[in-house]
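Construct the complete structure from the given sequences, taking the supplied hints into account.
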Amino acid sequence: MKVPRLGLIIGACAAVLAALLPFIGLHVPWILPGAVDVVNSPGTLGVLALCFIFGGVALGYDVMFGYTGLLSLGVVMHFATGVYVFDIALTHWNWPLTSALVLTFVVTLVMAVVLGAIALRVSGIAFSMVTLAFAQAVYYLVQDNPHGLTGGDQGLAMSSSRLPTFLSGAVSNTRNLYWIALGFLALTSVVVWIVTESATGHVFVAIRDNERRVEVLGLRPFGFKLVAYTISSLIAAGGGVVYILLIGTAVPSAVASITLTLSVVIMVVLGGAASRWGAVTGGIVYIYLQQYLVKVAAEPTFASLPAFLRVPLSQPQFLLGAIFVLFVIFVPGGLAGALARSRFRLSARRARREVSAP
Amino acid sequence: MSVYVTLAFTSLALGAVYFLAASGLSLIYGLMDVLNLAHGMFMTIGAYAGWDLAAHLPTTWPGSWIFVIEVAASIVGGALAAGITEIVLIRPLYGRPLSQILVTIGLDLAVVALLLGGFGSSSLTLPVPLWLIEATRSGNLILPHADFVAIGAGIVVLVVLEWFLRRTRYGITIRAGVENREMVRALGIDVGRAFTLVFVIGGAMAGLAGLLYTVVFSGDLVSPLQGDSLLIFALIVVVIGGLGSIRGSAVAALLVAVVQDFTNYYLGTHSGLAEIGNLSVVLLLALVLEWRPRGLFGRTS
Numbered sequence: 001m002k003v004p005r006l007g008l009i010i011g012a013c014a015a016v017l018a019a020l021l022p023f024i025g026l027h028v029p030w031i032l033p034g035a036v037d038v039v040n041s042p043g044t045l046g047v048l049a050l051c052f053i054f055g056g057v058a059l060g061y062d063v064m065f066g067y068t069g070l071l072s073l074g075v076v077m078h079f080a081t082g083v084y085v086f087d088i089a090l091t092h093w094n095w096p097l098t099s100a101l102v103l104t105f106v107v108t109l110v111m112a113v114v115l116g117a118i119a120l121r122v123s124g125i126a127f128s129m130v131t132l133a134f135a136q137a138v139y140y141l142v143q144d145n146p147h148g149l150t151g152g153d154q155g156l157a158m159s160s161s162r163l164p165t166f167l168s169g170a171v172s173n174t175r176n177l178y179w180i181a182l183g184f185l186a187l188t189s190v191v192v193w194i195v196t197e198s199a200t201g202h203v204f205v206a207i208r209d210n211e212r213r214v215e216v217l218g219l220r221p222f223g224f225k226l227v228a229y230t231i232s233s234l235i236a237a238g239g240g241v242v243y244i245l246l247i248g249t250a251v252p253s254a255v256a257s258i259t260l261t262l263s264v265v266i267m268v269v270l271g272g273a274a275s276r277w278g279a280v281t282g283g284i285v286y287i288y289l290q291q292y293l294v295k296v297a298a299e300p301t302f303a304s305l306p307a308f309l310r311v312p313l314s315q316p317q318f319l320l321g322a323i324f325v326l327f328v329i330f331v332p333g334g335l336a337g338a339l340a341r342s343r344f345r346l347s348a349r350r351a352r353r354e355v356s357a358p
Numbered sequence: 359m360s361v362y363v364t365l366a367f368t369s370l371a372l373g374a375v376y377f378l379a380a381s382g383l384s385l386i387y388g389l390m391d392v393l394n395l396a397h398g399m400f401m402t403i404g405a406y407a408g409w410d411l412a413a414h415l416p417t418t419w420p421g422s423w424i425f426v427i428e429v430a431a432s433i434v435g436g437a438l439a440a441g442i443t444e445i446v447l448i449r450p451l452y453g454r455p456l457s458q459i460l461v462t463i464g465l466d467l468a469v470v471a472l473l474l475g476g477f478g479s480s481s482l483t484l485p486v487p488l489w490l491i492e493a494t495r496s497g498n499l500i501l502p503h504a505d506f507v508a509i510g511a512g513i514v515v516l517v518v519l520e521w522f523l524r525r526t527r528y529g530i531t532i533r534a535g536v537e538n539r540e541m542v543r544a545l546g547i548d549v550g551r552a553f554t555l556v557f558v559i560g561g562a563m564a565g566l567a568g569l570l571y572t573v574v575f576s577g578d579l580v581s582p583l584q585g586d587s588l589l590i591f592a593l594i595v596v597v598i599g600g601l602g603s604i605r606g607s608a609v610a611a612l613l614v615a616v617v618q619d620f621t622n623y624y625l626g627t628h629s630g631l632a633e634i635g636n637l638s639v640v641l642l643l644a645l646v647l648e649w650r651p652r653g654l655f656g657r658t659s
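Protein sequences, first through last, are from chains A and B.
So the first sequence is numbered by the numbering used here: it starts at 1 and just counts up by one.
So the second sequence is numbered by the numbering used here: it starts at 359 and just counts up by one.
If you are wondering where the hints come from, they were derived from the structure by calculation, not from laboratory data.
Only a predicted model underlies this, so the values are computations on that prediction, with no experimental measurement involved.
One or more of the hints may lead you astray.
In silico SDA-like pairs for lysine to any residue, Cα to Cα no more than 20 Å straight-line [unchecked claim]:
(1) A:Lys295 to B:Leu472
(2) A:Lys295 to A:Gln317
(3) A:Lys295 to A:Ile31
(4) A:Lys295 to A:Ala307
(5) A:Lys295 to A:Leu339
(6) A:Lys295 to B:Gly475
Shown next as structure tokens:
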């Protein structure tokens, strides 16, 4: 298989540039989502960190959805596990950071293997429905506030007493959290790159394209699907941990709802399923737009619009949903698909020119 | 004893609502292979259509009239939403089942956000006649009147739907399409029209389910997210009953409702177990899948 060298170089450059961003105090009007129009203001860095988190989660989900062809509607339960287990271990049990991290990933691993194995008893649409039901069960559990652990609807604020000093305290440490989110995205990218380029990754794609053929070749698709499911789940949980570090409060409607699951699906499809940079870009663009549109809706000029324009335009979720619907109909393959098509058209034109003018 | 009867009665009403929500979903899936995640949105639209129309009616009208109009509005609202969805969004994507699912996801998010923007996130109170809130009591036996309405609606829809699917030309086309779509198309029958019809029927039932859910279980409150939570149970019912089977949906709806209500009654009062009824339903789903991955009435291919 051809290794996309150019993509690697661009990715590395983007990562280095992103890592240097907190040192750039540039004033940029209009396009920034934060309240202050400065690149390294805590508001902007916070939003970008959130973008990186969901870029990573979307990339992890793409392993299962784009590469293996499993439309799971339960990613959010593993994200929520990351958020809540980590939060509970730090806040209620006063555990040190590393123990909390280990516990989070052990719980996620067990959950992913058990629930994944049950859900993978069925395939296709039924799999989507079952994972959705499991995710909803997790939502109910969290909302239920068992033994006062999760805080229910009120949410659970994270205690930072056991965190190292460079992570505790909100605004002044945004820069550190930004780097951690970027690190999470970079690590996820490396892991997903290795997985998808490996022999196992090729079996994932083969299962997506023709599961029966993989069986005939003597491989058991179930095991591979479970591995893909588990990898996605662990990455989602990792995203959950970085999320709670950044945001500081876990609220069920924000971290465990169906809406979030559907958003992750949208991110991957917008960027382009089965495309690594597509999924990352989809996640980043989605969150960026979501935050940016909130800022736009708060502009004073906005209030003077007539109601039939103001009401829909003030709902980012409406605009994103509508954009997504248009994308699905008119831009199959998402951003990655559009780029591939324009590349193809370009090379076709070049080929035609060479033929006509030898 | 009367406790059991009361519980069984409310389970029956809940089952009726689940059946209305799930059977359309199951038909749509059976015929078109579309997992319609906008089905919850149809339910929400049904409830809002009822509320919105009632808000424009003179308050001097008798409550029963207004309720009948609300019911009609929910059915028409759900059917319209579903018909438009099918024609505008699903039809251009025939042959791309994954894209069809994705489009319903985007639509659901967009419309729920629009309802949030238009009506606000707080719940609205649906005006209902007094008799609907009351209950028939004798001793410990309590039979809420709203439950009678839901059960009645469930039975009527089940009978009409069975009649329609078995005795009418369109119904037979739909059933044949569920069995083997390509064969129906090869016989020169326009399956596309059946697709729209199935969406409209499913949407009408979903709209009704949304309104009845409001009346029977959420204390006459309408909220933008109610359809999405009802959708989860509808999906569970469809999987347990077997994709594409109406009778399977009916049986599974009752099973899910009974399990949910009885678990809630016996365990839900303990602290920290308020959602145990909902969790038990997911457990039931897992058990059924372990035992019968195709659901209770699913075909073995």
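Taking the hints in turn, this is what the structure says about them:
In summary, the hint linking Lys295 (chain A) to Leu472 (chain B) is supported, as the alpha carbons are separated by about 18 Å, within the 20 Å threshold. Taking the CA atoms of Lys295 (chain A) and Gln317 (chain A), the gap is about 13 Å. The hint holds against a cut of 20 Å. For the hint linking Lys295 (chain A) to Ile31 (chain A), the alpha-carbon distance of about 10 Å falls within 20 Å, and the restraint holds. Proposed proximity of Lys295 (chain A) and Ala307 (chain A) is supported: the alpha carbons are some 18 Å apart, at most 20 Å.
Using a Cα cut-off of 20 Å, the hinted pair Lys295 (chain A) and Leu339 (chain A) is violated, with the two alpha carbons roughly 29 Å apart. A C-alpha spacing of about 16 Å is found between Lys295 (chain A) and Gly475 (chain B), which places the hinted pair at or below 20 Å, so the restraint holds.
Hint 5 from the list above is the single one not met by this structure.
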